[in-house]
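S.K.: Sequence:
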Amino acid sequence: MDASPHSLRTEQQALLGALSHLLEPLAALCLAKGVSIQSAEELLRQSYVKAARHACGDGRSDRLTSRISTMTGLTRREVARIESLEEAKLPATRSAATDLLTHWVSQPAYTNGHLRPIRLPRQGAEPSFEALARQVTQDVHPRTLLEEMIRLKLVAHDAATDTVSLLEDTFVPRGNWPEMVGHLGRNVGDHLQAAVTNVLGQGNEHFEQALLADELSSQSIQEARQLIANEWRHLMTSLGPQLQALMDADRAAGRAQDQAVRIGLYSWAHPMPPVLSPVSQESET
Numbered sequence: 026m027d028a029s030p031h032s033l034r035t036e037q038q039a040l041l042g043a044l045s046h047l048l049e050p051l052a053a054l055c056l057a058k059g060v061s062i063q064s065a066e067e068l069l070r071q072s073y074v075k076a077a078r079h080a081c082g083d084g085r086s087d088r089l090t091s092r093i094s095t096m097t098g099l100t101r102r103e104v105a106r107i108e109s110l111e112e113a114k115l116p117a118t119r120s121a122a123t124d125l126l127t128h129w130v131s132q133p134a135y136t137n138g139h140l141r142p143i144r145l146p147r148q149g150a151e152p153s154f155e156a157l158a159r160q161v162t163q164d165v166h167p168r169t170l171l172e173e174m175i176r177l178k179l180v181a182h183d184a185a186t187d188t189v190s191l192l193e194d195t196f197v198p199r200g201n202w203p204e205m206v207g208h209l210g211r212n213v214g215d216h217l218q219a220a221v222t223n224v225l226g227q228g229n230e231h232f233e234q235a236l237l238a239d240e241l242s243s244q245s246i247q248e249a250r251q252l253i254a255n256e257w258r259h260l261m262t263s264l265g266p267q268l269q270a271l272m273d274a275d276r277a278a279g280r281a282q283d284q285a286v287r288i289g290l291y292s293w294a295h296p297m298p299p300v301l302s303p304v305s306q307e308s309e310t
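Numbering-wise, the sequence shown is residues 26 to 310 according to our numbering.
Honestly, the hints are just simulated from the structure, not real lab data.
Restraint-style ranges between C-beta atoms, simulated for each label pair:
id: 1; residue 1: Pro203; residue 2: Glu67; range: 15 to 25 Å
id: 2; residue 1: Gln38; residue 2: Ala220; range: 11 to 21 Å
id: 3; residue 1: Met96; residue 2: Gln38; range: 13 to 23 Å
id: 4; residue 1: Ala270; residue 2: Ile143; range: 14 to 24 Å
id: 5; residue 1: Arg119; residue 2: Arg168; range: 15 to 25 Å
id: 6; residue 1: Met96; residue 2: Ala277; range: 39 to 49 Å
id: 7; residue 1: Pro296; residue 2: Ile143; range: 37 to 47 Å
Heads up, simulated SDA-like pairs for lysine to any residue below, C-alpha to C-alpha not over 20 Å straight-line:
id: 8; residue 1: Lys75; residue 2: Arg101
id: 9; residue 1: Lys58; residue 2: Ala113
id: 10; residue 1: Lys114; residue 2: Leu68
id: 11; residue 1: Lys178; residue 2: Glu193
id: 12; residue 1: Lys114; residue 2: Ser64
id: 13; residue 1: Lys114; residue 2: His208
id: 14; residue 1: Lys58; residue 2: Leu47
No residue lacks a Cβ here, since even glycine has one placed at the ideal position from N, Cα and C.
Build out the structure end to end from the sequences listed, making use of the hints.
M.R.: Below you can see the structure in the form of structure tokens.
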């Protein structure tokens, strides 16, 4: 049954309220880097056209431009112009170095009882840096990969003991702005895709949950950050081997390995809005 005009307006107003909350941090990011509203609007138009084309599926090509025009409110000429543009590409974020870091912090053989990455001998049987590197890629020599990770300040090599230790158990490419926003686009984009799919579908197509705790002190927030980091380490070391086992089973069974899953954890701490006291509330009535 189609929604009534009143129900549809109510849903649209609720969606616009949610969009306001989503767009504010994006606007702050654009302003910080001098991206004009015209440039952002152009991307929004392109996204509308792309989404409309996807919604049309295998519609008749001779009427597709008109259908997209009707759905988006853009003119047919504007739709044709936008469809002739080259789509913007996200910067690359995955590399052998980042894959090795992920394996190092998620495989039980490479972490201690506190889920911390252990110091590795540079060469030899597992666990060693060489063995780990060969698990990750056969295209890059372990020595070359070590040099790259030293350059990125992810690891340190102790020549006296010929061991390698991890300096960072998370990869944040602070010296590479395109790569940083590439991570932002993929992580936040996939999270948003999951949430939107759930909202438009049955609500359980993808796992998407959040836990809110308020009435905390600033000191407790600092302690909570450590708790969250510990939970992430546990999640990595628990799920990493299980996901690898699924990949190995697919490969052994000859199943098409054409699917990907991204699993994330985020936290956002902020001051609570002020709560008016009963006296203040009465004085305003």
